[in-house]
Amino acid sequence: MTQEQVQQIKNSPKYQKLVSTRSKFAWTLTIVMLVVYYAFILFIAFSPETLGTKISPDAMATWGIPVGLAIIVFAFAMTGLYVRRANSEFDGLLNDLKNDLEKEMN
Amino acid sequence: MLGRILSLFMMASLTVAFAAGADLGAGTKAEELNVPAIVMFFIFVAATLGITYWASKRTKSASDFYTAGGGITGTQNGTAIAGDYMSAASFLGITGMVYLKGYDGLIFSIGFLVGWPIILFMISEQLRNLGKYTFADVTAYRLKQKPVRILAALGSISVVILYLIAQMVGAGKLIEILFGLDYEFAVVLVGILMILYVAFGGMLATTWVQIIKAVLLLAGTTFMSIMVMAKFGFSFDALFTQATEIHAKGVEIMSPGGLVSDPVSAISLGIALMFGTAGLPHILMRFFTVADAKEARKSVFVATGLIGYFYVLTFIMGFGAIVLVLGDPAGSYLAADGVTLKGMNNMAAVWLAHAVGGDYFLGFISAVAFATILAVVSGLTLAGASAISHDLYANAFAKGKVDEKKEMQVSKMATIAIGIAAIFFGIAFEKQNIAFVVALAFTIAASANFPVLFMSIFWKKLTTRGAVVGGYIGLISALVLVILGPVVWTQILGNETAIVPYKFPAVFSVPMAFIAIWFFSITDKSDDAQRCIDEFDAQDIRCQTGIGSTGAVAH
Numbered sequence: 001m002t003q004e005q006v007q008q009i010k011n012s013p014k015y016q017k018l019v020s021t022r023s024k025f026a027w028t029l030t031i032v033m034l035v036v037y038y039a040f041i042l043f044i045a046f047s048p049e050t051l052g053t054k055i056s057p058d059a060m061a062t063w064g065i066p067v068g069l070a071i072i073v074f075a076f077a078m079t080g081l082y083v084r085r086a087n088s089e090f091d092g093l094l095n096d097l098k099n100d101l102e103k104e105m106n
Numbered sequence: 107m108l109g110r111i112l113s114l115f116m117m118a119s120l121t122v123a124f125a126a127g128a129d130l131g132a133g134t135k136a137e138e139l140n141v142p143a144i145v146m147f148f149i150f151v152a153a154t155l156g157i158t159y160w161a162s163k164r165t166k167s168a169s170d171f172y173t174a175g176g177g178i179t180g181t182q183n184g185t186a187i188a189g190d191y192m193s194a195a196s197f198l199g200i201t202g203m204v205y206l207k208g209y210d211g212l213i214f215s216i217g218f219l220v221g222w223p224i225i226l227f228m229i230s231e232q233l234r235n236l237g238k239y240t241f242a243d244v245t246a247y248r249l250k251q252k253p254v255r256i257l258a259a260l261g262s263i264s265v266v267i268l269y270l271i272a273q274m275v276g277a278g279k280l281i282e283i284l285f286g287l288d289y290e291f292a293v294v295l296v297g298i299l300m301i302l303y304v305a306f307g308g309m310l311a312t313t314w315v316q317i318i319k320a321v322l323l324l325a326g327t328t329f330m331s332i333m334v335m336a337k338f339g340f341s342f343d344a345l346f347t348q349a350t351e352i353h354a355k356g357v358e359i360m361s362p363g364g365l366v367s368d369p370v371s372a373i374s375l376g377i378a379l380m381f382g383t384a385g386l387p388h389i390l391m392r393f394f395t396v397a398d399a400k401e402a403r404k405s406v407f408v409a410t411g412l413i414g415y416f417y418v419l420t421f422i423m424g425f426g427a428i429v430l431v432l433g434d435p436a437g438s439y440l441a442a443d444g445v446t447l448k449g450m451n452n453m454a455a456v457w458l459a460h461a462v463g464g465d466y467f468l469g470f471i472s473a474v475a476f477a478t479i480l481a482v483v484s485g486l487t488l489a490g491a492s493a494i495s496h497d498l499y500a501n502a503f504a505k506g507k508v509d510e511k512k513e514m515q516v517s518k519m520a521t522i523a524i525g526i527a528a529i530f531f532g533i534a535f536e537k538q539n540i541a542f543v544v545a546l547a548f549t550i551a552a553s554a555n556f557p558v559l560f561m562s563i564f565w566k567k568l569t570t571r572g573a574v575v576g577g578y579i580g581l582i583s584a585l586v587l588v589i590l591g592p593v594v595w596t597q598i599l600g601n602e603t604a605i606v607p608y609k610f611p612a613v614f615s616v617p618m619a620f621i622a623i624w625f626f627s628i629t630d631k632s633d634d635a636q637r638c639i640d641e642f643d644a645q646d647i648r649c650q651t652g653i654g655s656t657g658a659v660a661h
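For the protein sequence lines, the chains are A and B, in the order given. For the first sequence, position 72 matches number 72 in the numbering used here, and the numbering has no gaps at all. For the second sequence, position 244 matches number 350 in the numbering used here, and the numbering has no gaps at all.
Each hint should be verified, as a subset may be incorrect.
Just so you have them, the derived chain A footprint on chain B, three or more residues with Cβ under 8 Å [stated by the list, open to error]:
1) 220 to 230
2) 341 to 355
3) 401 to 409
4) 480 to 488
5) 509 to 520
Below, in silico cross-link-like pairs of lysine to any residue (SDA-like), each with a Cα-Cα straight-line distance of 20 Å or less [claimed, not checked]:
6) Lys-400/B x Phe-25/A
7) Lys-54/A x Ile-256/B
8) Lys-24/A x Phe-560/B
9) Lys-566/B x Arg-637/B
10) Lys-10/A x Ile-352/B
11) Lys-10/A x Asp-646/B
The hints are simulated quantities; they were obtained by calculation from the structure and are not laboratory data. A virtual CB, placed ideally from N, CA and C, is assigned to each residue, including glycine.
Assemble the whole structure, with the sequences as input and the hints as a guide.
Spelled out as structure tokens, the structure:
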């Protein structure tokens with residue numbers, strides 16, 4: 001890629017839109033995942049008895065178990081969410097951009 | 107030629123197996139020879155050697171060898187990643203931890219899992235778009251090849267060797283107990299098989315070994331979990347109630363215990379598990395086996411689902427083992443002291459297989475556990491060999507001016523060398539305390555590999571000096587802090603108190619690496635620094651769009 005092509009792609013509104021929407025989405029999901037996980041870790045560190053509370057007086061299961069399982073399911077759901085949006089919206093933007101570039105090359 | 111080697115090898119190993127059996131018959135060893143397990147294991151070995159033979163016909167170029175020509179689909183790769191990640195340490199270790207400590211086992215599972223979404227959002231597509239064979243292709247993309255490749259290779263090889271030590275020692279002990287074979291024989295067998303898979307079948311064979319193993323492991327653990335739940339009328343409360351009645355810790359097993367006692371070690375563990383996963387060379391390498399970014403992201407989706415499902419099963423199996431193994435009325439799974447399990451406490455999953463499925467299912471799970479180790483060591487060996495041949499030989503020292511044939515030869519020689527080293531370490535560390543090696547491997551991956559990789563993708567102002575100084579600071583601080591920590595300093599070296607009281611010191615070493623990368627980059631005023639910064643835009647466009655990246659090779 002020549003320096004000119006680099007500048008041309010960088011300045012293209014479609015490229016800018018792709019990069020900004022996608023990174024915003026990826027960083028948001030990353031931060032959500034980090035917050036969920038470290039909230040869990042901090043509960044374990046500072047207040048283990050919260051997660052050790054029984055779900056109901058006559059149940060043996062504690063809140064820690066549904067919370068733990070929910071984090072596993074949540075992590076998987078987050079990957080699904082990202083893949084879905086990437087396959088439709090981001091790949092759409094990307095193909096659009098690539099078509100434009102090809103036209104300009106010809 | 108390969109076919110002949112393989113059949114000779116099969117005959118030789120069968121002979122040795124029967125010889126070992128005859129030996130045991132004479133009463134020289136404590137464990138009995140487990141015939142169904144051995145038969146099932148040899149069926150697995152025969153099938154995988156068949157695959158290796160098939161793969162060897164299709165492995166011609168360097169690209170075939172390192173990445174199966176980029177022709178693996180997202181679903182296949184995701185299953186193989188899950189296979190890489192569900193090591194014997196996860197299967198036996200996490201089930202064993204739930205069995206011993208209850209809820210605390212789940213904390214580890216979650217830590218191991220949450221790295222995956224982050225890999226998807228930040229690393230997987232970027233790696234696929236920028237790299238070719240190893241993650242150093244990405245870190246050295248715009249930086250000076252030689253120093254950055256040497257750093258990446260050192261980081262990779264350290265992680266690979268540490269992980270291999272853990273797997274080989276685990277394999278030897280496991281096989282001794284499960285199959286009644288000698289420790290040394292088991293270690294040599296694992297070493298030879300992994301050399302055969304990798305040297306002849308390359309990434310294609312390694313991938314299929316992983317996939318088959320992942321399917322077998324998931325099928326076996328699903329069956330075990332259903333059998334456990336069926337015994338309790340599919341009621342978790344019934345399972346938990348009986349477990350708390352049997353376990354010495356009683357209701358404490360239902361809540362977070364002393365495993366993660368203070369905030370700093372809790373956070374440090376979290377950092378090591380999360381970012382360590384994103385710095386494991388054998389995992390990162392898998393993203394180059396697919397055609398494009400789309401397949402790379404699909405791989406992570408599939409892998410996260412399978413790994414998450416597997417961890418839920420380990421939780422059920424751990425609790426199931428408390429009731430059905432520890433609580434077995436005849437006490438048939440306990441050692442002479444009546445408290446610990448036969449073999450070791452990590453055997454909870456294996457004895458549970460016997461409790462729910464009898465001798466033949468025990469045989470099946472034993473064979474699967476052995477297959478698991480074989481598959482993981484093959485992936486590790488391939489990653490180590492690639493670091494030697496592609497990063498050190500071809501790019502750092504020959505400066506990219508080598509022909510592919512020569513590079514592949516070096517890679518195969520490196521495979522054999524790593525295999526022999528693994529056998530040697532496996533035997534040398536038999537009686538050593540190796541609890542620190544996995545902690546050290548994850549800490550190095552999180553402190554040396556991950557920060558450099560992350561910054562090279564996202565930070566424009568990264569320079570060669572910053573990456574190299576920061577990477578070595580991460581590597582050395584990880585090493586020093588683990589040596590001064592509780593496992594090595596007190597348990598192995600016998601000192602009174604640890605200088606660093608954390609088993610996973612990532613909370614210190616990871617920020618140190620990032621700060622050093624930042625500081626030594628911004629103060630770098632050399633011409634090369636300016637060149638690194640200038641070349642970022644072109645790298646970023648390829649990273650964002652995949653334009654110009656290496657795709658699948660048509661066959």
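*Is the hinted pair Lys-400/B and Phe-25/A satisfied, with a Cα-Cα distance of at most 20 Å?*
holds, 16 Å
*Given the hint that Lys-566/B pairs with Arg-637/B, does the C-alpha gap stay at or below 20 Å?*
Holds. Lys-566/B to Arg-637/B sits at ~11 Å (cutoff 20 Å).
_Verify this for me: three or more residues of the stretch 401 to 409 of chain B with a beta carbon less than 8 Å from a beta carbon of chain A._
holds (count 4)
*Are at least 3 residues of the stretch 480 to 488 of chain B within less than 8 Å of chain A when you compare beta carbons?*
Since 0 is below three, the answer is violated.
*Are at least 3 residues of the stretch 220 to 230 of chain B within less than 8 Å of chain A when you compare beta carbons?*
Held - the stretch 220 to 230 of chain B has 7 residues with a Cβ nearer than 8 Å to chain A, which meets the minimum of three.
*For the pair supplied as a hint, Lys-24/A and Phe-560/B, confirm whether the alpha-carbon distance does not exceed 20 Å.*
It holds: about 17 Å lies between the C-alpha atoms, which stays within 20 Å.
*Mind checking, does the stretch 509 to 520 of chain B have 3 or more residues with a CB under 8 Å from chain A?*
That given contact is violated, which follows from only 0 residues of the stretch 509 to 520 of chain B lying within Cβ reach (below 8 Å) of chain A.
*Lys-54/A and Ile-256/B: Cα distance at most 20 Å?*
Distance ~53 Å between Lys-54/A and Ile-256/B Cα, so the pair is violated.
*Do the alpha carbons of Lys-10/A and Asp-646/B lie within 20 Å of each other, as the hint requires?*
The hint holds at about 10 Å.
_Outcome, coverage hint (the stretch 341 to 355 of chain B, chain A; C-beta under 8 Å; three residues)_ = holds (count 5)
_Holds or violated: Lys-10/A to Ile-352/B, with C-alpha atoms at most 20 Å apart_ = violated, 65 Å
The structure is inconsistent with the numbered hints 4, 5, 7, 10, although it conforms to all the rest.
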